[in-house]
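K.L.:
Sequence:
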Amino acid sequence: MKPTLVILVGLAFLAGVSAASAACPPGAAGSTPEEIHANGQRLLCLQRELAEEANRRQQQLEIDALNRRLRDLELQRQFDRLPMPQPLL
Numbered sequence: 001m002k003p004t005l006v007i008l009v010g011l012a013f014l015a016g017v018s019a020a021s022a023a024c025p026p027g028a029a030g031s032t033p034e035e036i037h038a039n040g041q042r043l044l045c046l047q048r049e050l051a052e053e054a055n056r057r058q059q060q061l062e063i064d065a066l067n068r069r070l071r072d073l074e075l076q077r078q079f080d081r082l083p084m085p086q087p088l089l
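For the sequence shown, counting from 1, position 44 maps to 44 in the working numbering; every step adds exactly one.
To be clear, the hints were calculated from the coordinates, so they are not data collected in a lab. Just so you know, even glycine gets a beta-carbon here, dropped at the ideal spot from N, CA and C. One thing to keep in mind: the hints can contain errors.
[Stated by the list, open to error] Estimated spans, in silico, between C-beta atoms of each pair:
id	residue 1	residue 2	range
1	35	57	27 to 35 Å
2	45	71	47 to 55 Å
3	72	34	52 to 60 Å
4	68	34	30 to 38 Å
5	26	77	50 to 58 Å
Build the full structure now, drawing on both the sequences and the hints.
P.N.:
Printed below as a string of structure tokens:
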């Protein structure tokens, strides 16, 4: 993988983590059963948020691929409509 791609993927992952962190309750400090349960619930929330973000990104990738394919088809159609050159004799 190219270094710039790795950096972009890492930044995208961190953006997803920070967005998920904002939607979920903050972590509880301590080791009481209630705090452990709250942290477990927070982890579940973070996992759900990240799974939803991964699904959104996958859908966006599919949409982008479809858009690229549509553009390719439109260009091919334009190319097909160009007048054919006469063969040189």
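K.L.:
Indicate, hint by hint, whether the structure satisfies it.
P.N.:
Hint check results:
no. : hint                : result
1   : 35 - 57: 27 to 35 Å : holds, 32 Å
2   : 45 - 71: 47 to 55 Å : violated, 39 Å
3   : 72 - 34: 52 to 60 Å : holds, 57 Å
4   : 68 - 34: 30 to 38 Å : violated, 51 Å
5   : 26 - 77: 50 to 58 Å : holds, 54 Å
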